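Read in order, the letters of the sequence shown correspond to residues -22 to -1, 1 to 901 in mature numbering (1 follows the signal peptide of the UniProt record, and there is no 0).
Don't read these hints as lab results, they were simulated from the structure. Just so you know, these numbers come straight off a predicted model, no measurement behind them. Take the hints with a grain of salt, since some may be wrong.
Label-pair ranges, simulated between beta-carbon atoms [as the list claims (entries may be wrong)]:
(1) Q90 to A888: 30 to 38 Å
(2) S481 to S226: 49 to 57 Å
(3) E474 to H812: 51 to 59 Å
(4) R638 to K63: 46 to 54 Å
(5) H88 to E244: 19 to 27 Å
Where is the CB? At the ideal position from N, CA and C, for every residue including glycine.
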Amino acid sequence: MASCVRLALFLVLLCSSFIVDAVNRDNFKRCDQSSFCRRCRKMESGKTPYQLLPDTLVQSEFMITVELYNKDTNIFYVVKLTSLKENTFRLHINEKHPLHPRYENEYALHDQPQTVKLDSVEKTAESITVTKDENKAVLYINPFKVDLYSQGVLAISANARGLMRFEHLRTKPVRSEQSDNPEAVDTNNSTFPGDGADDDPGAWEENFKEHHDAKPFGPEAVAMDFSFPGSEHAYGVPEHADSLALQSTKSTDPYRLYNLDVFEYETNERMALYGAIPVLYAHGKERTSGVFWHNTAETWVDILSSADNNVVESIVNFVSRSSKKSQVDAHFMSESGVIDIFFMLGPKPLDVFRQYTILTGTAPLPQMFTLGYHQSRWNYNDQDDVATIAEGFDTHDIPLEVMWLDIEYTDSKKYFTWDSRKFPNPLDMIRNLTAKGRKLVVIIDPHIKRDSNYFLHNDATSLGYYIKHRDGKDYEGWCWPGSSSYLDFFNPNVFEYYVGLYSLDKFHGTTNDVYIWNDMNEPSVFNGPEITALKDLVHYGGWEHRDVHNINGHVYIRATYEALFRRSGGSLRPFVLTRSFFAGSQRYAAMWTGDNMADWNHLRASYPMCLSVAISGMSFCGADVAGFFKNPDSELFIRWYQAAIWLPFVRQHSHIETKRREPWTFNEETTQVVREALRLRYSYLPYWYTLFREHEVNGSPVVRPLWVHYPAETETFTIDDHLLLGDSILVRPVFQTGATEVSVYFPGEGKLAWYDIDTMQPYQQAGYVNIPVTIHKIPVFQKSGTIVPRKMRIRRSTVPMKNDPYTLIVIADNNGKAGGNLYIDDETSFEYRHGKYLYLRLNLAGNKITSTLIDKLASYETLSWLERIDIANPPQGIKSAQLQFHNMGKLTLETKYNPNNNVLTIRKPAVNMGEEWTIELLH
């Protein structure tokens, strides 16, 4: 009876949470409610107790090691500075003699960072200087500080403000018998007094609401400040529903990195959300640099900028006619772990992004179908419902790639099972989808129902595979199935067991055309502190959950990715969608922005949120189209699709209590506009696919903020309602109701033109221009000097598109030149990693259009051919064109000039896309 009452109460609380209109902030900590954040944030500038001991310096080919001393605590540390490839240094600090090991992350990095030889090491009475090429790191002895120089310019300074904190491991001090405070301690009995940590009432145990954190190892926080001279804005540290450019936290809480299930999150907030990537970029007109804080514990990040100068300082500067150079300051504070920092010295934005992805990896090229349109809701009722919805897309002539199933497809929330009443023949359902070139995605969440009739629970219990309490008992929390436990994916045996569950002979009713959605993997625990797991739980290896919380979702999707890879014998590229993520998660999954709402603010937030994760290595981002919660009207519905087709991942998804919202559920005009938007998306899939391959190769984000390609244009620094797709397409959606025009910023300082992709009308004005909009159109432009490949045939999915012909959209610059790339392979397998692909360079120059192979050793037999070339701003007076390839004779081609939009069209060159060819434009 007691368990029934508890379950009933739980369900009442759960259901009541569905009807609130905003996040319950009381469920989540502020910095002043977090013991370690309070301690780190109260550090005073300029009072660092740390100093190097230069006589302990040891030098190797690529690294120096030197001891560091805290004169307040008499604790010794070991500092390692390593030179890495691509203008990167690594700074690692740990205690010299810790009482026990501290957790060091082994999952975020793609591989062991590649070291490079140092050119020189010089020691003086004040500093130790290490030099590599045009970069150098200067370690100042007393007080300890590290300055990083690039091309002779100071780019990053660590501990310049003296906010470094490294709380040594210690034995618990004896409680004071003189105090009325039960949490007070007698610091005279502390093992190593002097850092003040033991004075904090939450240092050794901490309560939040009804939850208790035992903190058996006591205070162990680490922190460091970073200054970026010459920078004007900072970016990164996702995930937050905030602006792309990070805002000052001088008068607010810091940005928080702690993976949480935040119900109905609000926009313009620094609260923690589902993912945490502790990388920060600082950008100014002269250079871009970055730091990767390699730590998986809860982390808070303070941001300050030149604008935070106090009034007195501003008056002094004004009176003295001096102008302080712009600067961004950041302060990273983590609950546990070590100080492990990668300094990325750029100097250009794409350089820094490449340097970061060299460390954490890039996303493998996804299958082509994943870039199409996905249809989901919580939940499609049954097998017939899935078939009816899929058929509806054909009836309304709207393309569709994937149908998705949420948790209700399972047998009573038991994953790797089916509800036999609702889905009696899942293989038939899957075959009906794949017959039309479509796929199925099903959800698998990390909470395991505690049910003695459930094989997975029984296995995990008997094998000891669950995360444990401190007393060794299995942890039990509450989630969708009710009482649940959680597999410990840090255990290699759990990893192998879980991977095996996806094999087709284990997960009955699935095929290789079924892909996976991992949700709730923060992990979400409805009755846990901050809706997540207790920090003092114990993982494999003896690590506390506090040490590894932010990487919990990452190790989960790592296992899922490996499971899908093995399921197909390594032949098919896996597709996994995750809600929780960390640095390096791009290697395994796409992500989405979680449980957003059907309102204009959340539509607007989808762009900076996805841009932020894209520059942080994770390009494959989208937001639930039209909002997960609440019901959009037709205008918001339309505008959301028009914006969403220019984000990498496009999926409609909605809450179980929302109205049905398939594209045809409003009215004919809405259906028509959504159809137009999705067809436009599909026509650009060759360009999307090429960009994803280039991301895999060089780490460049697929979608980018404007400042990435226009780094000296200060107005671009805070623009996050536009995006660039690659460097060629500029998108500015409509983010407000009733709009008849929007303000579009055209970068390039008037030195290049931007062409409307529909009308080919050029805009060569610099800066903001008001552009008219209708319900059928948002402003999208192609840059002059570029060539963008498209496919124009209308299809129901990407499968029948595979061999369709290409159209090249060529926009000549004022010098008559243009260029672009095209990547082609089989769109599904890993054969491209064995040279089975085409990578083409397309050029217009000197009245000749050419296609040449970039990678001469690669090859792929494609049936696709060149159907059409449209050239905007073409050379004047062209009468005909001639095609030549394979040293064969010249073939005269049909051309047509449209004086209304100044576009020259070459029809049906009909050359195979795998050939190298030249088309000459003749007067």
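Honestly, which of those hints from before does the structure not fit?
1, 3, 5
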